[in-house]
Amino acid sequence: MTLSGMKTVVGMTAMALALGAGAAQAKDTVEVAFIGPLSGGVAANGLGGRNSAELAVALRNQDPDAKYHYELLVLDDECKPNIGVQVATKAAADRDVIAAVTHYCSAVAMATADVYHRFKLPAVVWGAVLPDVTYGNEYPEVHRVNGTMINQNETAAQFMTEQGYKKWVVIHDTTDYGKGHNEHFSKFVTESGGEILETFGVASDQQDFTAELTQAKALAPDVIYFGGLSPLGVRLRRQMEKLGIEAQFEGTSGIVSDAYLQGLGDLAEGSLAFIEGAPLAKLPGGQFFKEQYEAAGYTDPAEAYGPFAFAAMGLVLDTIEAVGPDRGKVIDALGNTEGKDSIVGEITFDDHGQNVVALITKYVAQDGEWLVWDDSEYASGQRSLVNVQ
Amino acid sequence: MQNNLIYRIPVLGRLSESNLSLFAGLLAALLTTGFAIWFLKAENEYVIGFLLALAVAVTLGVSRLGGLGYVGRAFSDHEKLMNGAAVCGVLALAAVFREDHFTLLMIAIVLLYMLAGLGLTIQFGYLGLVNLSGASFLGVGAYTSAVLLAHTAVPPLLVLVIGGVMSALVGCLLVLPVLRTKGHYSAVVTIAFAILFMSFLQVNDTLGGPQGLATGEMALFGWGFNTGIELENGFYGSFYLNYLLLALALLVIAFALVKRLERSWIGLSMDAVRLDETAAACYGLSIARWKVVGFTLGNFLIGMAGALYAMMLGFIAPANFSFGDSLILVSIVLLGGIGNPWGLAVAAAIVVILPEKLQMIQEYRFLLFAGLVVLVLLFRPDGLLPRGMRNYIPGGGARS
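Each protein sequence line maps, in turn, to chains A and B. If you use my numbering, the first sequence corresponds to residues 1 to 389, in order. If you use my numbering, the second sequence corresponds to residues 1 to 400, in order.
Errors might be hidden in some of the hints.
Claimed, not checked - Computed footprint of chain A on chain B, listed as stretches where at least three residues anywhere in the stretch have a Cβ under 8 Å from a Cβ of chain A: (1) 96 to 102; (2) 105 to 118; (3) 202 to 210; (4) 310 to 316.
What the hints assert, rightly or not - If you anchor each label on the Cβ, the simulated ranges turn out as follows: (5) Gly183/B - Glu241/A: 38 to 46 Å; (6) Gln158/A - Phe235/B: 54 to 62 Å; (7) Leu372/B - Thr299/A: 25 to 33 Å; (8) Ala288/B - Gln215/A: 38 to 46 Å; (9) Ser192/A - Glu99/B: 54 to 62 Å; (10) Ser199/B - Ala44/A: 23 to 31 Å; (11) Glu241/A - Thr206/B: 35 to 43 Å; (12) Thr190/A - Ala42/B: 56 to 64 Å; (13) Glu99/B - Glu138/A: 22 to 30 Å; (14) Leu207/B - Ser384/A: 40 to 48 Å; (15) Asp258/A - Pro155/B: 53 to 61 Å; (16) Gly224/B - Lys329/A: 23 to 31 Å.
What the hints contain is simulated information worked out from the structure, not anything from laboratory work. Every residue, glycine too, gets a C-beta built ideally from N, C-alpha and C.
In isolation and in its complexed conformation, chain B is listed as follows (with noise of 0.2 Å):
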């Protein structure tokens, strides 16, 4: 990739910057597409762990000769491009795993991450609330989906919304007293709340206890998502597909709505509230309100996150909502860079799919994961993509 940037950039030289800048970004989607099928694909150690250096070298060899400014630039200039680009790559993936039900298991639970992780993008990287219960909310969400597909017939489309709310109404409970309280104690608040929950799911034997309950399936008009998808000419789809797609629409209009939001004055007013609270308020804001409209809307993500992951694993229990959860979700927001939706992208997948792939190293795999993540944090500590300026004229001073 450096020598294809090296060399015809005289060729090239005659495009303007903007679309050079295309060229890379598109070049780049590419890459990432075939080398997250290749990795995927890989269950040879000797193979995985040439990937893992491969990827860290191309990285490293292409930010030095300033490559990277340039995919940086593709996604500020051209922005619809390349989102459409990064759901392509998606799709590419699912119509390669299409049969291959772990994979795409994986990958769909890598878009709820993400998607949980723009609630908590909203909440830290816009607000600077500091939510260490991210796993209680996607829990709410759970819980809601379960109760409800068991008990009632409301469509389970609509079921994903109302987890969502529901999520968002308790995080209004939980609100007050994160209101009374500043910086870390406001933190301390959220991780009582999620102690709190975890008991309460463990002792109420009517949302199954410690034992956790089973979850209905998802469905559209009529038809079950956990049948696999059986075309007439021979194509056959994984159930998991189903899970996959829909969690990626899903992604789509949050990535789109967060995105807006920054855009918009309601993203400005958070920053302001975010970076010095009295002097957001000596201009007028409501300082209250921000923090209630973000945490709520935060939450509202997290929960819906939380129902359609409860369906889609067909099984819950309180053990899968602890505070360590909630600081896995923290880490993808942290390790991704705090207020970049893109660098969620990258460090969900690092999080869900490294682990997994590095299973043959049996107990030692979290020793080596761990370690990569202090690594990241030594060297990046801004995070891997850490957010860039407010880019409101395409062209105009995009950082990488």
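One chain only, chain A, in its complex shape (with noise of 0.2 Å):
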């Protein structure tokens, strides 16, 4: 155990021997389950994702008012669909799991929607971004607190064409990241008056975009759109300044990170991006999460969805003291969920378990860092985007 890990574990028995001796001991304990991608390439946003949920539980337990004294399971889904059905089986099958905060990866999140629904646990998704999680199945278990992809290409198309841009070529990697956001980017900037000139797939690997490219330049569009994360991003960008490209490059949540910025230098200028969340200080509880995880000690960063695993457990947690430690009655309580306040803002869910109150930022990259759009100097007019007209 690393020094780290050390640190949280003297620090939460800290925590539970300074309650100890108080009311804590009377209370019944009641557990919950936090899964994510602890290890593996996405791991940094599953640390993130376990340490805000394991904050939430902490926070509750210090709080005396609390019904319950709540210990949380974590399990380790390392983003892979059939290791993420035999952990959620095991949170499911036990019977002292109340509800459950899960999976960053949307190929988890789907495969084991099955097993939340087959043992009745109540369990809401931090994470995962693909729309069919929650639209794509009855199950009244599964619901989602974080937007998906369907909003954020909404606000993209909308945001795009009102800049007044008109011809886009796409490209996007081939996994369901890249498809589902080629996919609903398509529908949403045709529907807005977009055109699409030309839609290339590309392996989530690929080395060289000539080819591509090439046949981009000829078709002269006035934005790149690019469904993908950041190494392939970076590839990208850098070989369409080589090539000369003058269009606007626009990216999706994938791209939002320091690795970007960095493997660009100054080609990363200008590039756009939209995510599904906001900065912590833009977010309505953002700077009193900010501080209690600073508090907490934690070294790995919360990332960007660490506040909504935050909420997501906060959820949980309220809905367990207003209906008692039962998971039919907390599966009912959760659909039910309207209008309720959190750090990310309202969550309100629909008849499939979605937050319908999703929060979707923009955001540039100006001098070497990613800016709120509107906290930018292109949304100020000093600087312009490529191709504006």
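With the hints as a guide, bring both chains together as one complex.
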């Protein structure tokens, strides 16, 4: 166990001891689960989510008004669907676990929905963005606090057409992430009067885009839309420059990372991207979350979806407080969530358990950092995007 | 256990050495089953750590005292009895955990990985064909069962067989480039296939694309496997129990097949091809023919495992069948001891259950797990249970 791990354990123990003397002893213990990718390529996001969920539980246990004492069961889904089904079965088959906050990876969330339904375990998704996780089934057990790529692309399409862009070339990776973004963006942008000149699907580890970009150049689009993650985005943007393509670069949530900015240096300037959620400072309860997260002494950052894990866990705990530790009642109560305050804004679930008040933020890269569009010099008119009409 | 052996030997001394080994073998089977139950029930990290240390200490201790030699002899002298004991052990586990969904799922996964491992054993262990696309063939079986169950009325039991056949057919295509290459190069061909298969699944929307697709359930004579067993006398069994028992049945058949194959002239020919292709060819063996036979048979078993795996999980996605998963399958074969089906049992249990039991150390578990594998390979480079000599006459020259 590393130092940070030790610190967490020591901190938690100290917290538990401090409370142990008082009312906590008398309370019934209720178990809740957190599932996310703690190892593998996206472990950073999983750890951020894990810490945030843990924080929500620790804060609740400090609250003397809480009716129960909560214990958190943490499981690693490795971002693999088959492992996800295993750990979901573990959590769901354990009758002591009343509810779970689950999954960052869409493919895993898709695979485990059946498990939660079969064992009737209320689950609140904290990070997976694929629409089908909630819309692809009729399970009352599955809910989601974060927005989907539908919301993201709706905002993106609307924003881009407002800027006066007319013609797009879409390049996306062939994972569920890239394909989903392509599908929804193309739909929304066509609806708002834009035109998709050509669409290219590329492998998520492709190195050379000369073939695709040469064709794209001949079509002279206003914008190159890219649906994929940072490493691919860096290569694509660099090769666009090499081939001298004069087009605005528009990405998705996958490129909003430091890796993208560092990989490109000055070339990143002016790239656009959209993300579900918002920087901590822009969240309704962002300041509170940030302070608490730092006070708890976590060394890993909370990452973009940490606040959602915190909010999801908060929602689950509130629901258990309200209706008691009973899975069936918790499922019913979660389904009726409406206008619930959280640090990511109001939460209202539709009949599929999807949060309809989804928060989408527009970002632009300026001077080596991702700035919220409204705060940038691009919005104020001091700088301008490529090909703006 | 050491004490038993040392002090009782004067009493048992009247027994023949063969009976002594049988005693040791049955005792080992009993202890292993007991240990497995204890380990699977353990939730506390200290208990798990203690049990792991205990297992290592006892195994090392017994092996120092020469006890493992007796156990090894039991498996060669009393093969049928020991096979029966192993099956009884699994049945005992199934009975103990009959209501425990998660544990049953884990045991069933171990059994299916063993089934796939048997396929790889034919390819690797007997023929020397390194197949680094095991998970892809698992995937062929899995996707076959998903598609057939969704769109046709083929009985699920037949779907299992068709899954294996499809996997064998796809293997027949791959075997062409494999035959034209040797050694490392043919391994590289299979890596290429694994990547090709993965990309194919990701761009193929009719097969669910990168999101994957849901799979139907196994059913026998109209009885769906996804319903738990409930008897009038109050017995309740999780629906995973059904899958576990079916997986066990498949495994027993495959195990018997592989063991007989090894003992027969087919196994001898395959061994000859592995050890020296030129010499084997000089003696009139058709290298290409045996490679095709072994490769196809191995893929059939892997595909069948994949088909049942998909039905059990209920949802499959390309990410389940990546190159990394192929490496896991290969690591099971290597860790167990190439060519020894019993080694697979130990290795599959370690590879599947250990990371799961280490969940409480969260992000550090793979570090520990990987360290363990490195240690095993350092100190037992031939795997945990290396393949013994072929044993035609019971009691003759068994090696542990």
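Consistency of the hints with the structure:
{"no.": "1", "hint": "96 to 102", "result": "holds (count 3)"}
{"no.": "2", "hint": "105 to 118", "result": "holds (count 3)"}
{"no.": "3", "hint": "202 to 210", "result": "holds (count 4)"}
{"no.": "4", "hint": "310 to 316", "result": "holds (count 4)"}
{"no.": "5", "hint": "Gly183/B - Glu241/A: 38 to 46 Å", "result": "44 Å, holds"}
{"no.": "6", "hint": "Gln158/A - Phe235/B: 54 to 62 Å", "result": "60 Å, holds"}
{"no.": "7", "hint": "Leu372/B - Thr299/A: 25 to 33 Å", "result": "27 Å, holds"}
{"no.": "8", "hint": "Ala288/B - Gln215/A: 38 to 46 Å", "result": "44 Å, holds"}
{"no.": "9", "hint": "Ser192/A - Glu99/B: 54 to 62 Å", "result": "55 Å, holds"}
{"no.": "10", "hint": "Ser199/B - Ala44/A: 23 to 31 Å", "result": "26 Å, holds"}
{"no.": "11", "hint": "Glu241/A - Thr206/B: 35 to 43 Å", "result": "38 Å, holds"}
{"no.": "12", "hint": "Thr190/A - Ala42/B: 56 to 64 Å", "result": "57 Å, holds"}
{"no.": "13", "hint": "Glu99/B - Glu138/A: 22 to 30 Å", "result": "28 Å, holds"}
{"no.": "14", "hint": "Leu207/B - Ser384/A: 40 to 48 Å", "result": "45 Å, holds"}
{"no.": "15", "hint": "Asp258/A - Pro155/B: 53 to 61 Å", "result": "55 Å, holds"}
{"no.": "16", "hint": "Gly224/B - Lys329/A: 23 to 31 Å", "result": "29 Å, holds"}
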